[in-house]
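There are 2 protein chains.
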Amino acid sequence: QEMIKKLLLGFGCCACVLTIGILIGHFAISKTPFWPSDVFKDVDENFITAFLSEVDNIQIEHNLRELTKVPHMATTEGDEQTVQFMLKRWQDRETGLDDAWREEYSVYLSFPNTTNPNKVTVGQDKEVNYTADQLDPNVVPPYAAYSPAGHAKGKLVYANYGRPSDYMHLNETVDLRGTIAITRYGGAGRAAKAINAEPYGVVGVLVYTDPYDINDGLMSDLNETYPHSWYLPPSGVERGSFNTLYGDLLTPYLAAKGIDIPGLPPIPIQPIGFEDASTLICALDGLPAPNDWQGSFKCKYNFGGPGFKNTSTFKDSDVKLDIYNYGTVKNSSNVMGVIRGSVEPDRYVIYGNHRDSWVHGAIDPSSGTSVMLEITRVLGRMVKQGKWRPRRSIIFGSWGAEEFGLIGSAEYTEQYFAKLSERTVAYINVDIAVFANATLRASGMPSIQNVIFTSAKQVSAPGLKSTSVYDNWIKYSNKSSPTHGVIPRIGYLTGAGSDYAPFVHYLGITSMDISYTYDRIIYTMFIFSVGFTSHQAIARTAGNVLIRLADSLLLPFSCSDYAETLEDYLKEAVEQYEVELKTKNISMESLKHAVSSFRLAASHLDEVIQSTDLKNEPLKVRMINDQLMLLDRAFLDPLAFPDKYAFRHVIWASSSAGKPTFPGLADAFAKAVSSGQTSDWNKVHYHLSVLNQAIEGAAHTLTNVI
Amino acid sequence: QEMIKKLLLGFGCCACVLTIGILIGHFAISKTPFWPSDVFKDVDENFITAFLSEVDNIQIEHNLRELTKVPHMATTEGDEQTVQFMLKRWQDRETGLDDAWREEYSVYLSFPNTTNPNKVTVGQDKEVNYTADQLDPNVVPPYAAYSPAGHAKGKLVYANYGRPSDYMHLNETVDLRGTIAITRYGGAGRAAKAINAEPYGVVGVLVYTDPYDINDGLMSDLNETYPHSWYLPPSGVERGSFNTLYGDLLTPYLAAKGIDIPGLPPIPIQPIGFEDASTLICALDGLPAPNDWQGSFKCKYNFGGPGFKNTSTFKDSDVKLDIYNYGTVKNSSNVMGVIRGSVEPDRYVIYGNHRDSWVHGAIDPSSGTSVMLEITRVLGRMVKQGKWRPRRSIIFGSWGAEEFGLIGSAEYTEQYFAKLSERTVAYINVDIAVFANATLRASGMPSIQNVIFTSAKQVSAPGLKSTSVYDNWIKYSNKSSPTHGVIPRIGYLTGAGSDYAPFVHYLGITSMDISYTYDRIIYTMFIFSVGFTSHQAIARTAGNVLIRLADSLLLPFSCSDYAETLEDYLKEAVEQYEVELKTKNISMESLKHAVSSFRLAASHLDEVIQSTDLKNEPLKVRMINDQLMLLDRAFLDPLAFPDKYAFRHVIWASSSAGKPTFPGLADAFAKAVSSGQTSDWNKVHYHLSVLNQAIEGAAHTLTNVI
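As they're listed, the protein sequences go chains A and B. Using our numbering, the first residue of the first sequence is number 715, and each one after it goes up by one. Using our numbering, the first residue of the second sequence is number 715, and each one after it goes up by one.
Okay, chain A solo, but in the shape it has when bound (with noise of 0.2 Å):
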């Protein structure tokens, strides 16, 4: 009896004891909440240092021999060599991305005639000699594509940069009726060059890029450019396409059939390089044009008789331009990567670079496209290892047809355009990763400055062991910030330069462009930087960004940084037109009271995102990061530029105006300032209800969600 007590006594002090167990092992020790999966994964800066230390130059070198091995015009035969070279890494079963494939495009494109080659001639028998600057038959001769074919003679005149303004004067003392104008790059489209001339009845344009423009102002001649210095050759020209619109022309915001294709050139246009520019030009007769028409060629440039002066060996001659070229639909590919999101897969972070070029391309867009090769092979492999997964969707896109007009990616945010609206986060454009090893560029939303400058921080200056990118970059570019003090300067994606164009202004996504330059801007540059480390320091810094914005459990925006150049923007339109509108009894208040409710919420969301638990709310942690990814689509209005083709973000669509302060506002009151008009200051008015609406709107997704 005494064993059965004890017996029983000891199993109820193991029961109890065990209870005990049960109780502290389900309460005590299980408190922490158990979450499955990666909810919670955030950036792991081992992670980072791997991928940093594995970016690799001589990869990147060996991307960009194999990509310039032949010219790779969009649609060509290199075109399609690319596209392979690109299926064959990306679909590599250790080094590849999780799926890749193509998806092609019929679009509208514009090339020279083979077998009737375009001629400018001058007189009877002087050619100029535009296509001599590169001997391969593979390469394209210089042209413009989309001008029409066509067969335009006449006297010469000197237009300045082809604007309205430069037609407008130069008419003033020469009758442009049936001559041909030579115009220089830049200032205008290049297209707008011959819109601008037609109503004149300027008859043909000839485009030639002055030296004063691009090499430091300075004339120069082969001993100076080219191979021997970051200089444009004499003979060198730029190509180009010849379009007002991006995107395919026959199929503007879908796939439609019988449109008319509007803002082509109406007349025939050529491009040649500067050495028979200055020929040309050095030769014109007439009154000598203003100071700022004058370039670097060494003699005065005139506007022409029409024509050339007696003196010169041209005289009466006329210039003759014999264009063929011709418009066909062809097939165009982009060719699509993705990296599946382990916690988030329907949010997408947009990685894209073209992969078209007018001839070799080793810079444009070459060197990009190497770079984003590099950085898929270093994160694929992780993949692939089973070492890595990031927390949202990569999605890597190399656009066809971009110097055709951002025609690639174009397509690509048409066809999908509810689904990356919805769901993507960033997108990161690297078109040239180098055009020179001084220094860092970057470009983008104000909200993304700081994932840059964390990033570039963790990344060695080329040839520079002990100096950071930052530290680097902000030497030559930088800015003082009420809140941050001296920062590296980020510029703004106003125009449409290259394919974050259809990102930005169409969809409204959060996007940045990255490249290594040279200290000012260059337009065409054939250099390598030495040993590929430019190339290097750009595919760390990206890819740095892209890993940071697909793995940070709270996306690293930050509305405030917006705030402030909403308050810069603001500080400068008060201070360009608040006088002028006051007259006019067009209050600004309004637009004041938007961009301070900009502010308060902005500072109200950073207060919100102090105080959250991120690590225990799954929920709230998605909440926060869907205002903030969506924050640049509350700025887009459909109806806020009807002139302007697919412009619909109010913040950055692009402006002739060029002052750094709400685009549609400047242009409007440029516009209203210079006729006069009731109608026209009321479009003022109209301008500050739509940015009041944008700013007011995107305010209110950031304060309480309720």
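Since the hints were derived computationally from the structure, they do not count as laboratory data. Just so you know, not all the hints are guaranteed correct.
The list treats identical chains as one, so a pair stands whether inside a single copy or across any two.
[What the hints assert, rightly or not] Mimicking DSS-like on lysine-lysine, the simulated pairs with C-alpha atoms at most 25 Å apart in a straight line are:
(1) K1334 with K1098
(2) K1334 with K1101
(3) K1023 with K833
(4) K1306 with K1193
(5) K1329 with K755
(6) K1373 with K1358
(7) K867 with K1098
(8) K1334 with K755
(9) K1285 with K1385
(10) K840 with K1029
(11) K1023 with K840
(12) K1298 with K1285
(13) K1329 with K1298
Please build the complex by placing chain B on the supplied structure of chain A, with the hints as guidance.
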């Protein structure tokens, strides 16, 4: 020692058992993840039962008596009283909401002049007695809001519905210059009757409701109409807003100024009762009008000489309109109230109803307002008592100035465009809650039919204890679905008849409109349901839908039901258009492909939902819910209907073609057939492309996210 051994052994055993216990407690029992808060909160059927039983018909009757004490036309003193009443109820400490406030907008309205009443006279002295229907001095006399003031005099003609084709037909036999046209409601928008008339030289327009179109096609006298039946009495006049936009007319899309007001009647127009109309029309001279122009008056409807028969007392008389309406900017208020969501506060279910009436508004809108107040009373009390808090946030909107053109709701959607687009799960509109007591009527996107069915099955039909609202409904209006068999027929929200319009057409938010009604469509009825049981049934049904939308872990939307409607649309379009389109070399294949892509994508999403462990993957549930919530947003295209104000939803936009198919395609096709012009056939092609892109784009949002 033995003792110590035993003790050690005992301790050892205890430690072992404890460890086992801890291990069991930690691993075995807590294997189900422990989620803090209510991340997986779902609909609670017990709560629904409690809600249904709490909804009280007597409370609704009290609400209605309070709301209809005085006429409450927008911005009048009576309207302000209803604002205060709503605020008092929603701010009540025991039955109110979390928060309630008013939002004021400065809007452009049109009123009759009280000192100088509008007059319609025949000849020298016979005054048309259009003001006699109500004698209260606070009751606004019948007038056409936004009719210009003016004096118009001329011979009378009868112009049927005042459609373009009606005036064209009439003009073939009668010279319309200088005439006054009498038209019946229906067939064309109110303002359109004057807009269509003006090009023919008509100088003024009268409008009346023909008994044919409202009282079951019977001519009705005082003994047969209200209060003896549902029928509109002979002196009853339908008031209305005579404009073609919706939202504030001075600020289309935003708060702008200096914009011309489009779409208003260019000539004076005035509504009258059918008793007066009958006197006028039966005296008309001229040729007999066609059969389909005849109404229910006991006479032959003639075109008019123009003017009256010689045998009539009016013979040579002119009809004269003296209209003194004036436009003015007034402050109109929305009253807003919210219940904050506990788990996903950044997801909104919006429930709305306008507050303003033309007169007492016992039906339109106060039957709906009294129902809304009962829903908020029951839910508000549950919240105040801590018994319930919805998963998502609920926003209640009591819109102002709906009768003048959906002004309050439209301004709200403009002001909060980005925020509402990003976060709104659904909009429920209950305007006139009870037209009559026969059957439920519901219109909306096909994706929400199932949640309405589920809710209607749980509510007893008024006066029929053992029959559900659903079982009663299916008897009155049903259709055969390939998937579901015979089900009640859900209507489509293609027009702009109530405040759902800005949510459907401008924001692309999944919406519905719910009421109890007659077994035919009735325009103006002044009857309460017996004991307010129909009101109660609507409060229960709409409230049930509201709770399900706010509380369901997974949104109760079916994309496959949407696919079924697209397939119906496609079938109709192919039958109607394909043969003719082939002759124009326009193919419908890509549209067929798009609809089939959508069906596949919808089925795919159904499978993903089936295979998802909803109770264990918070971010995956949110991902699927985002796909469901944003589906309708993918159908928006701001460029689809450049001529239709704020219509962007390519599936539900209004169409004058009257076919149950894609509206833009139907209208473009009708126009092209009628004009035969190539440019119009190109627009047909354009609309096909718009549809392809929207439907394929929507399908992309439903397939695998990456």
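Consistency of the hints with the structure:
1. K1334 with K1098: between (32 Å within a copy, 24 Å between copies)
2. K1334 with K1101: between (28 Å within a copy, 23 Å between copies)
3. K1023 with K833: within (23 Å within a copy, 82 Å between copies)
4. K1306 with K1193: within (23 Å within a copy, 56 Å between copies)
5. K1329 with K755: Intra 9 Å, inter 20 Å, cutoff 25 Å: intra and inter.
6. K1373 with K1358: Classified as within; 18 Å inside a copy, 35 Å across copies.
7. K867 with K1098: neither (62 Å within a copy, 85 Å between copies)
8. K1334 with K755: Both ways: K1334 and K755 sit 15 Å apart in one copy and 15 Å across, limit 25 Å.
9. K1285 with K1385: Within one copy, since 21 Å is at most 25 Å while 51 Å is not.
10. K840 with K1029: Cα proximity of K840 and K1029: one copy only (12 Å, versus 91 Å across).
11. K1023 with K840: For K1023 and K840, only the intra-copy Cα distance (16 Å) is at most 25 Å; the inter-copy one is 90 Å.
12. K1298 with K1285: within (20 Å within a copy, 56 Å between copies)
13. K1329 with K1298: neither (54 Å within a copy, 61 Å between copies)
In this structure, the hints that do not hold are numbers 7 and 13, in rising order.
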